[in-house]
Amino acid sequence: MAENNVSLWGEFKKGLWQDIPPFRLVLGTCPTLAVTNSVKNGVAMGLATLFVLFFSNIIISAVRKYISSQVRIAAYVVIIALLVTVADLFLAAVFPAISKALGPYVPLIVVNCIILGRAEGYAQKNPVVPSMIDALGIGTGYIISLAVMSSIREALGFGSILGFKVLGDWFEPWIVMILPAGAFIVFGSLIAAINYISQRKSAAQKALG
Amino acid sequence: MSETLNQEKLLVSSSPHFLKDESIPKIMHTVILALIPAVAASVYFFGLRALLLILVCVGVSLLTEYAFQKIRNKPVTIYDGSAIITGMLLGLTLPPDFTLFGAILGSFFAICVGKQLYGGLGFNIFNPALLGRAFLMATYPVFMTTWAEPRTIAKAVDAVTAATPLALAKFEGKFAPLTDLFIGNVAGSIGETSVIAILIGGLYLRYKGYINWKLPLGYLGAMAVFGGIFWLINPVKYPNPLFHIFAGGAMLAAWFMVTDMVTSPVTPLGQWIFALAGGVLAVVIRLWGGLPEGVMYSILFMNAFVPLINKHTRPRVFGEGAKEGEIAPLGGS
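Chains A and B, in that order, give the protein sequences. Here my numbering is used: position 38 in the first sequence is 38, and no number is missing along the way. Here my numbering is used: position 256 in the second sequence is 1256, and no number is missing along the way.
Keep in mind that the hints are not guaranteed to be accurate.
[Unchecked claim] Derived CB-CB ranges, DEER-like: (1) A:Val128 / B:Gly1289: 53 to 63 Å; (2) A:Gln199 / B:Lys1026: 30 to 40 Å; (3) A:Val128 / B:Val1284: 31 to 41 Å; (4) B:Gly1059 / A:Gly188: 20 to 30 Å; (5) A:Val111 / B:Ala1304: 21 to 31 Å; (6) B:Lys1026 / A:Gly188: 26 to 36 Å.
It should be emphasised that the hints constitute simulated quantities derived from the structure, not laboratory data. Quick caveat, the model's predicted, so the values are computed rather than measured. The beta-carbon is built from N, C-alpha and C at its ideal position, and this holds for glycine as well.
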């Protein structure tokens, strides 16, 4: 990738649609399925991931020339583990309830493929500023994905979003939506919907040009 | 002579040379006919509400299939009858006072996810009706396990909640009389209670040659024998073999779901494995699982193994030669 003529806006934007993490890259699916039974948990997970991703991309991009490529993965994991520990302890100290609800999934960010994927695929080849923007774009895309997933699951599974009732008393909650099976159903449906829209888009572009 | 030759050209084709007048619609319509006694029994024991549930399920199944195929630009196959069967079977396995919205949701899920997303009839791994029921079981666990006393048309009473014979046997150690189970005068899913009505339909299908006897017999036999072992050990705690095959969904499942042509194995040995393992599993869930009934999950579970069973029980094709490690029959090097 040419380092000079990179459009920073373009780097940010690709994380929001073209490379939106769980749906297009199919990375980071484990928390996507596990913690999206309520919007609060989903967004908290997204924010924690964004934090780790942002700083890991910056640090890895800054030191990319000093790490020999044979040991790079081990070196990246050490950097990521440090940041995850910070995020984990911060959540436990400031938001103990959320920390408890997310359970082991915060420490598991260390093996989240989005983070190592961006380190391997982007930060180690690009300077600090584009890497930072890349992390922001991908991280924001991840938060949006988790928010969409968890909104659908919470609305159908509890009849509420962020604890506020959005569906009336007539609505009988679909218990399945807060169970793992519901996570897979919503995840599959969203991937299908996104693929359908992007196919329509590329077909329309072909027709135009 | 020359006239005949002109009219009928000599057709040269590879085998098979004898063709039977069978088609998917014909088979499906026969299955629908075979389900009529069970539908009639459900209306007799649970009133017109049962008929309404079944009709809603059938209607939504057809509508879903039509809409899906229209949207995907595929040939519309609602006239082949397979969606009607899915709707009927789903409706027959619902409790009598189940919500209509739930029935709509379940039928939609059964056809859309259970059948069409896999590629339509013939490509689905799981029995669509059972998948729809499993989805409803996870979605509305309370409604799906709220049963009502049978209220025959003769004695029209309002819904009285009651436990099913299986729940009574499991949690209270009481066994319903076999004659009631045989006729169907017990609480349960609307189309599953009447053994006699299901048997009429099942035997008719067997007579028409559309179901393989190994599947229902293997499934019910495994349930009876495996359940019977524990009955012999402790007849007070465990129900007897006939109770196992008469109560709950065993009869309906054995004749109409285990025998689903799409989701059961094609090899003879595979059919035995599928049916026997399914029957044992159903009894295992009944006796030691958290739920009183295990028929639905046992079949869905075995459905998942069908591709594997088919692969490993394939009979050797004539001319294929010996397997590795075997003595070659002729001319092996």
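Checked hints:
no., hint, result
1, A:Val128 / B:Gly1289: 53 to 63 Å, "holds, 57 Å"
2, A:Gln199 / B:Lys1026: 30 to 40 Å, "holds, 38 Å"
3, A:Val128 / B:Val1284: 31 to 41 Å, "violated, 60 Å"
4, B:Gly1059 / A:Gly188: 20 to 30 Å, "holds, 26 Å"
5, A:Val111 / B:Ala1304: 21 to 31 Å, "holds, 29 Å"
6, B:Lys1026 / A:Gly188: 26 to 36 Å, "holds, 35 Å"
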